[in-house]
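Taken in order, these protein sequences are the chains called A and B.
Numbering follows this note's numbering, with no gaps: position 73 of the first sequence is 73.
Convert by adding 1000 to the 1-based position in the second sequence; the result is the number in this note's numbering.
Don't read these hints as lab results, they were simulated from the structure.
Possibly wrong hints are sitting among the right ones.
[Said to hold, decoys possible] Which chain B residues face chain A? A few, computed with CB under 10 Å, are given here:
(1) A1191
(2) T1198
(3) M1199
(4) I1252
Glycine included, every Cβ here is placed at the ideal spot set by N, Cα and C.
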Amino acid sequence: MDALMILAQEGAGLTGNIGSGLAAIGYGLGAIGPGIGVGIVAGNAVQAMARQPEVAGMLRTNMFIGMALSEALALIGFVVFFLAG
Amino acid sequence: MDVILAFSCNPTEQPLCIPESILELFELPVLFGSVNRTMVYIALSALIVMAVLFFAYRKPRLVPTKFGLAVESIVDFVRNDIAIGVIGPGGEKYAPYLLSLFLFILVGNFFGLTPFINFPIGSRMAIPAFLALVTYAIFVFMGFKKQGLAYLGHTLWPPGVPVALKPLIGVIELVSIFIVRPFSLAVRLFANLVAGHTMIALLLGSGVYFIYAAATGEISALKGFVVGPLWFVFGMAIFLLEILVLALQAYIFTLLSAVYIESSLHPAH
């Protein structure tokens, strides 16, 4: 916890507001899950396209839908960052 | 510095150009009384889109000119790959909307990388929010028009789900379709533009800062004249990446609009 506060203070050095430092750390943590999720979606879509190139168009559409759904959490995090910072 | 940044700022005094208030990004532009920068660029991008389409199709000919062929390939891509490819037969009815959405966002995004303009119009929350609301209105309206009240029934009481789970799934679907969909559509475009533009400004601004500091003797010449140009190289690499990201975001916005419209036209799966 102490290390976190030190990091937040370092991050706040530019604006002098510790809340913005904490918000940046929070967004970084919040982006881990969606990052993993988007990676899994894209990786599996590429694998499926390699196995069956003839359905690549349909797979690409579904890949973007899956990415959009898992990315939504990161986007909420981005807005919360603005609200908190 | 106006070549890099959208607003005047001297990076030799201040390495990070922080605007007065970050909430500026969320303010709606004033509609009457004063014309601001955002409105000028919105009008400009709409004019560019209209001019390109007008000059490409003014005189339709059997063998198109090179310019006509280039525009035709974009129209064909949006019409066949996005509208018909996603919505299916009957999707060509939505092709004009999707094409104008795609071209407007594309041109508006590329303002962000144009020297001396440096202002992606999607980086003001009002613009992506409005575009997302138009898509939202279309897919909710088409859902009710095609399915009537069954549209709400499919959403709130989904068929093919065990009865015990139906209320839970219904609430999740309600939130995800009517709240998260337009929200994430708007914020995705906004976030990508703001983050990408901030990154380019930061990297190129750092280059200027290092070189200036070395020139005034604040840091050693070796440090400044080696690290500064490296920042420029890195910034230019990100600049190239941004070209890809901007085009991709216009595509994703259009594609997801088509997907959402499709989902309210054909509920059965």
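We went through each hint and held it up to the structure:
no.	hint	result
1	A1191	5 Å, holds
2	T1198	12 Å, violated
3	M1199	14 Å, violated
4	I1252	6 Å, holds
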